[in-house]
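2 protein chains.
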Amino acid sequence: MVVNVAIVGVGLVGSEFICQVLATQSKKIAVVAVANSRQFLTSSSPLTDSWKEDLTGGSASKPFTLDAFTASLAASKATNPTVVLDCTSNETVAAYYPTWLEAGFHVVTPNKKAFSGDLGLYKKIKELSSQSGSPMVYHESTVGAGLPVINTLNDLVKTGDKIVKVEGIFSGTLSYIFNNFSTLDATAKPVKFSEVVSVAKDLGYTEPDPRDDLNGMDVARKVIILGRVAGLDLTQETVQVENIVPELLRNASPEEFMTKLPEFDAHFEKLNQEAIQNGQVLRYVGLVDPVHGKSSVTLARYPSSHPFASLKGSDNIIAFTTERFPNPLIIQGAGAGAAVTAFGIYTDILKIAERTQQ
Amino acid sequence: MVVNVAIVGVGLVGSEFICQVLATQSKKIAVVAVANSRQFLTSSSPLTDSWKEDLTGGSASKPFTLDAFTASLAASKATNPTVVLDCTSNETVAAYYPTWLEAGFHVVTPNKKAFSGDLGLYKKIKELSSQSGSPMVYHESTVGAGLPVINTLNDLVKTGDKIVKVEGIFSGTLSYIFNNFSTLDATAKPVKFSEVVSVAKDLGYTEPDPRDDLNGMDVARKVIILGRVAGLDLTQETVQVENIVPELLRNASPEEFMTKLPEFDAHFEKLNQEAIQNGQVLRYVGLVDPVHGKSSVTLARYPSSHPFASLKGSDNIIAFTTERFPNPLIIQGAGAGAAVTAFGIYTDILKIAERTQQ
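Chains P and Y supply the protein sequences, listed in that same order. 1 is the number of the first residue of the first sequence in the numbering used here; add one for each residue after it. 1 is the number of the first residue of the second sequence in the numbering used here; add one for each residue after it.
This is chain P alone, in the form it adopts within the complex (with noise of 0.2 Å):
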């Protein structure tokens, strides 16, 4: 039996996903329903290519709200396995999932609000999926994008491994800053911190304001997410954050903000050179660590020989200690970016229709 899915936020995860989708002539999975947030477009039949114009152009499209757009697949779910996959990064679309999970619909997402938001939402949506026969959420992208992360950290914990340790590089924006601004590489041009952040900026790699990555508010609320999934009640008030955005430009505008970034070069500069003379780089990591019950976000050092220090242009990386992998067992790749985000959301649906076929 096919597995219906209706997307809340068609940008370009969402678009991406009904592409790869599309592109695959999947026989396991139709996309049904598509939502932005003006109006929703629900279909008895398989949507196609021209899915884009049917939403915004076509009579059958309705105004949005998140309750007529549950009510609108009852009927698909009166027949198909039905996943609502939700490509937002709203919070009031994922404080929604307890409803759509009641009412017996799948949930994928990319979207971290409900895993590293408010514990109580995150254990509701657990208790209502945890049941054998129960709907099923599954938020493999909500970290590294479509990298096998959450999922192999959920096998480690539930076949009764001993989680030592969780690391990582989760940020492919901080990755690209730290990865160009300090390196062993005696051959690489040396470079301003300041200049990196605004190349960055101009690539696209950082928020419209880059103090949303360097602030460390992103990374935290990963390291909330694997935390949560390896059995710790992680919250932003027990995850210490080094926020590296200089205290003086906190409150700056962001023109000011880039505009004086350049007058703290020397500070990271002072930083990279201590770390450099002893042979290790900068690195801007993730930690969960359920064994001395701390888990943080900081700008730490590695020893060239570490994988983290030979880690290449915005690349995630995680590595998992563990009582069965002493020596880590670590996973690195691309960790943002519309065709891998959608990849990781592709297996999830899978793995419903697989759970629901059999």
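Simulated from the structure, these hints should not be mistaken for lab results. Hints may be right or wrong, so weigh each one.
25 Å max Cα-Cα, derived DSS-like pairs, lysine-lysine [claimed, not checked]:
no., chain 1, residue 1, chain 2, residue 2
1, Y, K351, P, K126
2, Y, K201, Y, K260
3, Y, K201, Y, K189
4, Y, K351, P, K158
5, Y, K27, P, K124
6, P, K162, Y, K351
7, Y, K27, P, K162
8, Y, K123, P, K28
9, P, K28, Y, K124
10, Y, K28, Y, K52
11, Y, K77, Y, K351
12, Y, K162, P, K312
13, P, K294, P, K158
14, Y, K294, Y, K162
15, Y, K158, P, K351
No experiment lies behind these values; they were computed from the predicted model shown.
Since the structure of chain P is already known, use the hints to place chain Y on it.
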């Protein structure tokens, strides 16, 4: 509903799997039968810690044949989904998979034989397990033990990614030998090739006759498995293997091989120096290359900045280069040992449990 597991082969890996299942007090999995090459035991209730004595000394044990063992599982299969777990490395057991699948048993195994041997057997197994509702076959632990290698490659293929190249160090033994023999770490004490092989043998890292590692056949089997998962009809004949056992020692006795290997130290040292003078190291790698239709096992060189160059101990590493991951998705970690092999088996069986319990 509980998934019943019947294990053929209760050596290190099979025993460790039972340990892990009992330690996690799994509510989803029950081991109900065990067999060694001489006898088997089938029970109507889950086996407990005393399974070993019950098998070898108990009155319920019966002489082992594949047919008798299979017949004894009829009651299990009538009431519960039942997995046959093959923990042997036996070809005759592998040839029996179609019989199990046709009878409705699922199959999980770390045994490479069925997936790297006769192509007809492989295709038969695929055919019998490929339909919705068919019995399932999982073999994550055939490459890289519990590292999520096969599942990741499967996910890439199923979601329509284009595999450009799969490249890796798939042998813990050869990883250890070349990580120690060929290094750019100036502080490492230089060692002779024959010495490294001898130490690896003493540590139990090699096969009893190290030529069974150095001839590349084990790596070739893993290349064939990965190639087939990627959609290629690879066989022993179509994979080019660089056998690094010196030709003059190929027909020597095992003792003579170890005694005479030092005579070839200069040969290996020359290769090593040629690499090191170019800032490279030697690594023994397997390659699946669908684009150029070439799959091989070779002693290759990698620059210091390459992830293969900084590998440590006896870790495996595998890099998937695809259309979506032009900068490869890399997985590394322990690729041998009972605990991590059993972990891979356990995740495979949990997947069957999840797919049959929905």
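K123(Y) paired with K28(P) [C-alpha distance capped at 25 Å]: holds, 22 Å
Holds or violated: K77(Y) to K351(Y), with C-alpha atoms at most 25 Å apart: holds, 18 Å
Pair hint K294(P) and K158(P), alpha-carbon separation not exceeding 25 Å: holds, 22 Å
Pair hint outcome, K28(P) versus K124(Y) [Cα-Cα no greater than 25 Å]: Roughly 23 Å between the alpha carbons, so the hint for K28(P) and K124(Y) holds.
25 Å Cα cutoff - pair K162(P), K351(Y): holds, 20 Å
Restraint check for K27(Y) with K124(P), where alpha carbons must lie at most 25 Å apart: holds, 22 Å
Agreement of K201(Y) and K189(Y) with the hint, judged by alpha carbon distance not exceeding 25 Å: holds, 20 Å
Given hint K126(P) paired with K351(Y) - CA-CA distance at most 25 Å: holds, 19 Å
Pairwise hint evaluation, K162(P) against K27(Y), where the allowed Cα distance is 25 Å at most: Holds. K27(Y) to K162(P) sits at ~19 Å (cutoff 25 Å).
Restraint check for K201(Y) with K260(Y), where alpha carbons must lie at most 25 Å apart: Holds: K201(Y) and K260(Y) sit about 15 Å apart, inside 25 Å.
Pair hint outcome, K351(Y) versus K158(P) [Cα-Cα no greater than 25 Å]: holds, 11 Å
Given pair status - K351(P), K158(Y), alpha carbons within 25 Å: holds, 11 Å
Checked against the numbered hints listed earlier, the structure breaks none of them; every hint is satisfied.
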